[in-house]
Each structure stands twice: as C-alpha cells, then as structure tokens.
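Enquirer: Given next are the chains, with one letter for each unit.
Number of protein chains: 2
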Amino acid sequence: MSYDNVALAEPGVGRGRVAVRRHARPKVAVDTVLFAIDQARVKAYLVCLRWGPSAGKWAFPGGLVRDGEMLDEAARRELRESTGLEDCYLEQLCSFGDPNRDPKAHVVSVAYLALIDRTCAVHSCSPKYSNGQWFEVGHLPELAYDHAEIAAYAVRRLKSKLEYTNIACNLLPPSFTFAQLEELYGIVLGRVLDRRNFRRRILAMNLLKRLPLERRGNHRPAALYAFRQRSLQVIEML
Amino acid sequence: MSYDNVALAEPGVGRGRVAVRRHARPKVAVDTVLFAIDQARVKAYLVCLRWGPSAGKWAFPGGLVRDGEMLDEAARRELRESTGLEDCYLEQLCSFGDPNRDPKAHVVSVAYLALIDRTCAVHSCSPKYSNGQWFEVGHLPELAYDHAEIAAYAVRRLKSKLEYTNIACNLLPPSFTFAQLEELYGIVLGRVLDRRNFRRRILAMNLLKRLPLERRGNHRPAALYAFRQRSLQVIEML
DNA sequence: CCAAAAGTGTTGAGTATACACCCATGA
DNA sequence: TCATGGGTGTATACTCAACACTTTTGG
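Quick note, the sequences are listed as chains F and C, same order. For what it's worth, our numbering labels the leading residue of the first sequence as 826, then goes sequentially. For what it's worth, our numbering labels the leading residue of the second sequence as 826, then goes sequentially.
Treat the hints with care, as some may be off.
Repeated chains share a single entry, so a pair holds when one copy, or any two copies, can fit it.
What the hints assert, rightly or not - Okay, derived cross-link-like pairs now, DSBU-like style, lysine-lysine, Cα gap no bigger than 35 Å in a straight line:
| no. | residue 1 | residue 2 |
| --- | --- | --- |
| 1 | 929 | 882 |
| 2 | 882 | 984 |
| 3 | 1034 | 986 |
| 4 | 929 | 1034 |
| 5 | 868 | 986 |
| 6 | 1034 | 882 |
| 7 | 1034 | 852 |
| 8 | 984 | 1034 |
| 9 | 929 | 868 |
These are calculated hints, taken from the structure and not from any lab test.
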C-alpha cells in the first residue's frame, strides 16, 4: 500500500493539489455505545454535547484518537473520561465514514460496543459534556451526527451475540440466578422465553457453573450461578 | 463528542503538547481483500509494494482515504486503480488501528471484503505496485503490515456469511448449475457436502430461481439457476 | 451401450417446543 | 397456610443427516 506515496501515485491528482490536501485528511474518532440493563429495560448512556454545531444534542461518548494510540485504548480512555468506568467489556462494531456525518470536519468514527452490569457504575461526566444520562433504548432522544445509525447497529449486535456467545456475563453481576439470566435474555431479545427450555438450552451450552450458594429472599431460595469464563466465548452451532 | 475541542478538554494534556499533536493525528486508510474462486481454490488478490519500508512485500490493495471521500468510495477507488474492477460486491470488515501496524506512520485501516466471480476480471495494476497476483488462501506469502490478520478475518467472514446469506451470488456467474453452487460451498467451507441435502437446504432458503435454460455438455444437461436478488439477503433462522 | 454427471426420496436420530405440577421459603 | 417465585419431566413435531439408485446425454 505504501501509504506515504499514495497521493503521488494516484493518477489524475496533480502535485499542487496534493500539497494542499496533506493537511486535510480525515480524522479518526471512536464512539462508544454503552449498554446496561436497568429496571427491566436496555439502556444506553448518552452525553449532551457542550460545544460545536451540535451543542445541546445527545450523542454517545467519544472523541478523536490520539497519535500512537490503539483504537480500543482510545475508546476506553474516552469512556473513562465520560463515565469514570475503569474497565468494562468493549468490542469494535463498525466504522462510519460519511464525510458529512460531522458538519464541521471529515471524521471517520470507529464505533464500539461497551457493556456493564449496572447503570450506577457510571459516575463522573467529563467537562466536555454538559450532561450524561441513561436512556431507554427504543426511546432515545434525537442524536447528533449519525449516532442513531450507530445505536441501531449496536442493538442488533447485542441481540445477535446474546444468542451464540457468553456475552451476557457482562450485563450481570458475578453471581446470579437463572431467573435473572432469563429476564436479561427476555429483555434484550424482546420476547418471553419458556423457563424450562431456556434453562435446558443454557445448561447445554455449558457456560455456567453452579455456585455453592443461594440467594435467599422472601421466597424459596434460588441457586446462584456464575459464568465459567468471563472472556468472550463463542458457541459452535454446527 | 465535539471533536474539535476534545484536545482542550482532555485532562492532563497541556496546551503546548496539543499544538504539536494537531498535525500528528492518525491517518485513515482502506485495505481490500478481494476473493475469487479459481481452479477449485479460494484465491485472494495481492499486490507487491513498490515503495516504503515494506517495499517488496505483498499486501492487499489499499491506500489513504481522501478528504471528503466515503470509506467505501475509497475502497472502490483503490480497488479500481489496482485491479481495473469497476464494480463488485464490497462490504466493510473491521478497522485495524495498532499504531505500529505501519512502521512509518500511525495509520488506521478500515478493512473491506470484495468478491468477484472470476479471477480474469482483474486487469491493470496501478504503478503504485510492482506486481499484482492471485494467491491461494492458505498459501499466502508473507504479508506486509498486519495484513495476515486481515486475511484471516476476511476468510472467517466469508465462511460464515456463506451459511446465512446469498453472498455466494457474487462468486458465481449470473447463471450456474447446482453442481457449481455446491462446489463453491464445498471449496469455501472446506468440506464435502451431500448433494441431496445441499440441494434441499438451498431450495428451502428460496434464494434461487430456476432458469428455462440448461447447460449442455458431454453428459446429461444440467438445469441453470440464478439468484433471485443479487443484493445481500440474510436468511432468518429462528 | 458405456461413461459421466444430473437428479431424486425415505428413514432414523436427535433436537426443539409446548406444556403443568410440585417445592421451599417467609410472612 | 398461603402467596410467591424456584425448580423439574415428558410427549410430540420438526429438522437434519445419512444413504443408493435411476435418468439423461454424448461419444
């Protein structure tokens, strides 16, 4: 590819033009869709932009990638600055590069999906933003840039990964009951699941280990489970 | 996100440093993995780099995205310049952003997957490259940058999409026999398929229409089929 | 009439779904 | 003892995989 010589090598592009262009290359940003389950709803964390032409609009936290920085490092850094989260599940979604997606400049955004197990884990909000808040997915406010598209993509990805990976472990506390797990699946997939069949299916995947503990409450105690691995595990379904 | 103010808003980064950084932002490139089936093998098109520290190494065709250019436009342009292809299936894979992936500069690459139905559709080779050639996937030469990783990702994506979309239509001529289709699946998936079961499965997906034509040859004539749609169609498997 | 590839059905195993009752606990 | 949620088994429909012979054509 020889990136450095590309402009010279491109047929039909004069040298004079190249010189001008050198400093008008697209920038790279990351934007992170952070999801958590709260009150039986999938929620996404949005920040309210303080500056620029989109000031006052809501968006996913993000920002420019620094020179020498890995993409996911950038995503983690922006997320930390906007939410105080030190560590969470993070996965790249897709890149969005419409030159008009940001009215001010050509910014290519690499979108990320992040998951945490409780909304209250989010504390601080960067001075970059005037506000930060959880919104129910499906009732998001009007979003800046092309973030509505990013949101739709993230929801689709979450749903599909729930079906063939152990990704759910990032939306639940370290130990949980089957009822909690089933509720999570029901909420995200948007349909009720048969308790017996659900339990069988999940156990067949062998993702869980039963803990020698029970959750005690007002009623019959419920066995607690944990995921065997917290790292992403894909279920083969040949 | 307010991209423009991000540097100022970042805590712990002094203003002096920011000024220096402004012109050292990562660049954006696209790299395209072009596949075709040839002689019962999956092949990928590689170009040999002429300039830069990786000169002499093979890589997927690609280059920097221009200001104001859509990502897929950039991928198509680079592909056109390197292969002469005017139009083909193109889909975004993933972005690769390791700052050390290119020894010369921090370049974030958005990888693309491209498919054509015959290797001989590739003609020209940009003066940017010293050579261009088809290689059997699985016997690729040593690749520049992180292109080996990109190659692995592209192969995985192709295999999985073959199973639940009509993507195969981009690897076949407009009309084809069931034997050709079955051969294609066998080659890409790397295993032999039962002819009767394969036919049943494919017909159940309802992706094909039977043409009122036959391919005549030395033996019994074979019915010709075509895909109903050439646009990407995802099969729901609830 | 022979070789070569095209085309076609059935059976059995395993998997997924639908469904209802008993259990353990705290109040 | 009752209300509440936790936990389990079975019968059936369906899907998927395995498998072999007949047909059509050109030479």
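Enquirer: Next, verify each hint and record whether it holds.
Expert: Going down the list of hints, with the structure as the test:
| no. | hint | result |
| --- | --- | --- |
| 1 | 929 with 882 | within (15 Å within a copy, 38 Å between copies) |
| 2 | 882 with 984 | within (27 Å within a copy, 41 Å between copies) |
| 3 | 1034 with 986 | both (20 Å within a copy, 32 Å between copies) |
| 4 | 929 with 1034 | neither (51 Å within a copy, 48 Å between copies) |
| 5 | 868 with 986 | both (17 Å within a copy, 30 Å between copies) |
| 6 | 1034 with 882 | neither (44 Å within a copy, 48 Å between copies) |
| 7 | 1034 with 852 | neither (45 Å within a copy, 45 Å between copies) |
| 8 | 984 with 1034 | both (23 Å within a copy, 32 Å between copies) |
| 9 | 929 with 868 | within (29 Å within a copy, 42 Å between copies) |
Violation of the numbered hints given earlier is confined to hints 4, 6 and 7; the remaining hints are satisfied by the structure.
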